[in-house]
Amino acid sequence: METTSRCSPSDHLVIIGNGMASHRLIEALVKQPKRPQRITVIGAESAPAYNRILLSPLLAGEVQQDALTLRDATWYAEQGVTLILGEKVETLDRSRQTLITDNGRSLDYDRLVIATGSRPTLPDVPGIELAGVHGFRDLQDADALTDIAQRGGDTLVIGGGLLGLEAAEGLRKRGNDIKVSVLQRSERLMNRQLDVTAAHLLKDELTQRGLTIITGAQLARLEGDAQGRVAKVHLADGRQLHATSVIIAAGITPNIELGHQAGLTTLRAIVVDQWLTTSDPAIYALGECCQFDGTTYGLVEPIWQQVEVLAATLCGTAIQGYTDTPSATKLKVSGVALYAFGPTEASDEHDVLSYHDIERGDYRRLLLRDGRIEGAVLYGDTRQGPWYFEQALASNNLNDCRQALLFGAADVKALKDHQNDTPHLSTSEAA
Numbered sequence: 390m391e392t393t394s395r396c397s398p399s400d401h402l403v404i405i406g407n408g409m410a411s412h413r414l415i416e417a418l419v420k421q422p423k424r425p426q427r428i429t430v431i432g433a434e435s436a437p438a439y440n441r442i443l444l445s446p447l448l449a450g451e452v453q454q455d456a457l458t459l460r461d462a463t464w465y466a467e468q469g470v471t472l473i474l475g476e477k478v479e480t481l482d483r484s485r486q487t488l489i490t491d492n493g494r495s496l497d498y499d500r501l502v503i504a505t506g507s508r509p510t511l512p513d514v515p516g517i518e519l520a521g522v523h524g525f526r527d528l529q530d531a532d533a534l535t536d537i538a539q540r541g542g543d544t545l546v547i548g549g550g551l552l553g554l555e556a557a558e559g560l561r562k563r564g565n566d567i568k569v570s571v572l573q574r575s576e577r578l579m580n581r582q583l584d585v586t587a588a589h590l591l592k593d594e595l596t597q598r599g600l601t602i603i604t605g606a607q608l609a610r611l612e613g614d615a616q617g618r619v620a621k622v623h624l625a626d627g628r629q630l631h632a633t634s635v636i637i638a639a640g641i642t643p644n645i646e647l648g649h650q651a652g653l654t655t656l657r658a659i660v661v662d663q664w665l666t667t668s669d670p671a672i673y674a675l676g677e678c679c680q681f682d683g684t685t686y687g688l689v690e691p692i693w694q695q696v697e698v699l700a701a702t703l704c705g706t707a708i709q710g711y712t713d714t715p716s717a718t719k720l721k722v723s724g725v726a727l728y729a730f731g732p733t734e735a736s737d738e739h740d741v742l743s744y745h746d747i748e749r750g751d752y753r754r755l756l757l758r759d760g761r762i763e764g765a766v767l768y769g770d771t772r773q774g775p776w777y778f779e780q781a782l783a784s785n786n787l788n789d790c791r792q793a794l795l796f797g798a799a800d801v802k803a804l805k806d807h808q809n810d811t812p813h814l815s816t817s818e819a820a
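Under the numbering used here, think of the first position of the sequence shown as 390, with each following residue one higher.
For the record, the hints were derived by calculation from the structure and aren't laboratory data. No experiment lies behind these values; they were computed from the predicted model shown. Even for Gly, the Cβ is constructed at its ideal location relative to N, Cα and C. A portion of the hints provided could be inaccurate.
Lysine-lysine pairs mimicking DSBU-like chemistry, simulated, CA-CA at most 30 Å apart [said to hold, decoys possible]:
| id | residue 1 | residue 2 |
| --- | --- | --- |
| 1 | Lys621 | Lys719 |
| 2 | Lys721 | Lys568 |
| 3 | Lys420 | Lys802 |
| 4 | Lys423 | Lys477 |
| 5 | Lys568 | Lys477 |
| 6 | Lys562 | Lys477 |
| 7 | Lys562 | Lys719 |
| 8 | Lys721 | Lys562 |
| 9 | Lys568 | Lys420 |
| 10 | Lys568 | Lys621 |
| 11 | Lys719 | Lys802 |
Just the calculated beta-carbon pair ranges, DEER-fashion [claimed, not checked]:
| id | residue 1 | residue 2 | range |
| --- | --- | --- | --- |
| 12 | Thr706 | Val585 | 45 to 51 Å |
| 13 | Gln629 | Asp593 | 22 to 28 Å |
| 14 | Leu511 | Pro732 | 27 to 33 Å |
| 15 | Ala615 | Asp566 | 19 to 25 Å |
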């Protein structure tokens, strides 16, 4: 069904935001024969688009900053894309279809994409504004954390999810006489991706490397010194921790201020339909700043799917809109591979299969319902993860090969081949 005929390829498309989602969209657009004739992208940071996933290796000193750059300014010029860096869009006038940046630049648009991303969610506690409190979302944050690591001292990372653990491990690797602790509100690390066993294995691994892991603890307030710099962390249970720096990595908040100012429909993020269109038909939203069917986004896989739909929509070739589809989480936390999808908690209706090789440090657990995989957690050796995910998406009944499931596709195939080769006696033969 053609739903984008209203989109002319000969207009001026302005993209607000120059992060990974925006860059991926531009790369998709410039390959299209019906691409918009004029494309302008505006980025608040002074650097061209870069790979934020590599911020942790950058902090750890494992890569140089130029390794993060996705494309330099020359590439944009060669593609006929106008690149404006170091400017933030402050005002959006939908009636006139104009925008104004913080340096007074005014631009007209025919269609507009808001891809402003997100920022760290700051805990609502006293002292959060003190000097020495940082997020970990961009190059500026990475530079600040590098300075912290090289100065040494006591650093507390708030948040035991992927970003918090990567920040903690990066600080430890880069640090000079630095003590790094991680504060996690949940009773286990990465509680959205890992079950109790996998989280325990990860905690043990990080503890052996020198990190201090504090779970089941809630931040109450931060206390500063006479110079207004953080010096102490107070927990809800009364404990006090000395800290010369605090890193906030406890979730993200979509940057929706521009959409709100312009009068677009917003909830937790800017609301979009299946074509990534906002409540204004000339304006689209993409990535971490958008919300579809009640869902907001923080991982790249669904955002890449959004990019494909939006690129086709903007070029007038979209046939199928965006839908939320199940996705697997493939991560590497401080060198430890993880793969997970589906529920992490087993219900009474689940059949639980688990395998743990203590010597190798490998663990996997499958949740089955009526012979079909609904969830999986793999720690260490994750090579079978994609195959498990395929079986789950296809809703294949695996009851006949249940005993081989934990060992992966090859063992399942061998078992099925054996079963097929084994002669079955008829009733008369059995008699």
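Hints, one by one, checked against the model:
no., hint, verdict
1, Lys621 - Lys719, "violated, 35 Å"
2, Lys721 - Lys568, "holds, 23 Å"
3, Lys420 - Lys802, "violated, 41 Å"
4, Lys423 - Lys477, "holds, 29 Å"
5, Lys568 - Lys477, "violated, 37 Å"
6, Lys562 - Lys477, "violated, 34 Å"
7, Lys562 - Lys719, "holds, 23 Å"
8, Lys721 - Lys562, "holds, 16 Å"
9, Lys568 - Lys420, "violated, 48 Å"
10, Lys568 - Lys621, "holds, 14 Å"
11, Lys719 - Lys802, "holds, 24 Å"
12, Thr706 - Val585: 45 to 51 Å, "holds, 47 Å"
13, Gln629 - Asp593: 22 to 28 Å, "holds, 26 Å"
14, Leu511 - Pro732: 27 to 33 Å, "holds, 30 Å"
15, Ala615 - Asp566: 19 to 25 Å, "holds, 24 Å"
In summary, the structure is inconsistent with hints 1, 3, 5, 6, 9 from the numbered list given earlier, while agreeing with the others.
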